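Could you put the whole structure together from the sequences, leaning on the hints where they help?
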Amino acid sequence: MEFVLLDFADVPHLQRFLFGLFLLIYIIILMGNGIIFLITKLDPGLQTPMYFFLGNFSLLEICYVSVTLPRMLTSLWTQRRTISLVACATQMCFILTLGATECFLLAVMAYDRYVAICSPLQYPLVMNYRVCIQLVASSWISGIPIQIGQTCQIFSLPFCGSNLLNHFFCDIPPILKLACGDTFLNEMLVFTVAALFVLVPFLLILVSYGKIISTVLKLPSATSRGKAFSTCSSHLMVVALFFGSGLVTYLRPKTQGSAGTDKVLSLFYTIVTPVFNPMIYSLRNKDVMMALRQWPSKHLSSLKK
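So for the sequence shown, this note's numbering puts the first residue at -18; every next one is plus one.
Please note: incorrect hints may appear among the correct ones.
With beta-carbon atoms standing in for the labels, derived distance ranges [to be verified]:
| id | residue 1 | residue 2 | range |
| --- | --- | --- | --- |
| 1 | Leu138 | Val245 | 17 to 27 Å |
| 2 | Gly207 | Arg61 | 50 to 60 Å |
| 3 | Arg111 | Thr59 | 47 to 57 Å |
| 4 | Val107 | Ala(-10) | 43 to 53 Å |
| 5 | Arg274 | Arg61 | 36 to 46 Å |
| 6 | Phe(-2) | Tyr104 | 20 to 30 Å |
These are calculated hints, taken from the structure and not from any lab test.
Predicted model, so just to flag it, every value in this text is computed and none were measured.
Built from N, CA and C at the ideal position, the CB exists for glycine as well.
See below:
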């Protein structure tokens, strides 16, 4: 009826240090992504499709990391690592659904850059407000039914052996390792869903950036080429971090994985990406940096009025 999340139980002398480290990381994620979300919603100069998608992406990162880190912090502080079967299934369902949303949203952001660079005259017409809302809503909603079904299918398996889950949250690979009997069909379903929600968006992103690079290289001005590449490089860095670890985790054969490798890879797509997201997008984006510098003075002046 319950699992024991071992997380970092193999290093008992580091529990307090890890608690402080991950608490600091969680605060940085909440503050960094929260500021990006607020800036893109409140600053008049950032009311464009690109920043609309970036604001949604920052909100998604806050939701994504909040599914795993608070529970991990609690277990590090209290040393109570048990999690009920229902709570474990709920956590997995949220992780999978939000992960699918991130894949789709990154693909939407790549499509936005493709239209902006390859068809600049048609950009206002193609990426109008209604289309942006539809793309974002589809990204948030489309994965829900399939991921609920996949979670139910995984937790319908019999668990008759050890209940020690050598991970820091309820992810698919460590759960399948604890299941009794033949899990081949389950692994094939995981592979199929991962191909649909991870590989397909990743390939769409590659196609979009292939066309973007081809168009940029044809630009006559070196300044124009540099500006176009700078607006895309931030997105590509986040794509590489998130998809690189996600593809290896879910499309790798079960026999080739180890608990340590799974933990490291999952840290990348659940914690590292949300940490670096605000840094990558703010430090490499002049518009965001300008808005961040001007926002406190604008806020204070509005309060005085």
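For each hint, the structure was consulted:
Taking the beta carbon of each, Leu138 and Val245 are about 26 Å apart, inside 17 to 27 Å as hinted. A C-beta distance of roughly 53 Å is found between Gly207 and Arg61, which places it inside the suggested range of 50 to 60 Å. Judged by the Cβ atoms, the range 47 to 57 Å given for Arg111 and Thr59 holds: they are separated by roughly 48 Å. With their beta carbons about 52 Å apart, Val107 and Ala(-10) fall inside the hinted range of 43 to 53 Å.
The beta-carbon spacing between Arg274 and Arg61, approximately 45 Å, falls within the hinted interval of 36 to 46 Å. Taking the beta carbon of each, Phe(-2) and Tyr104 are about 49 Å apart, not inside 20 to 30 Å as hinted.
Going through the hint list in order, the structure does not satisfy hint 6, though it satisfies all others.
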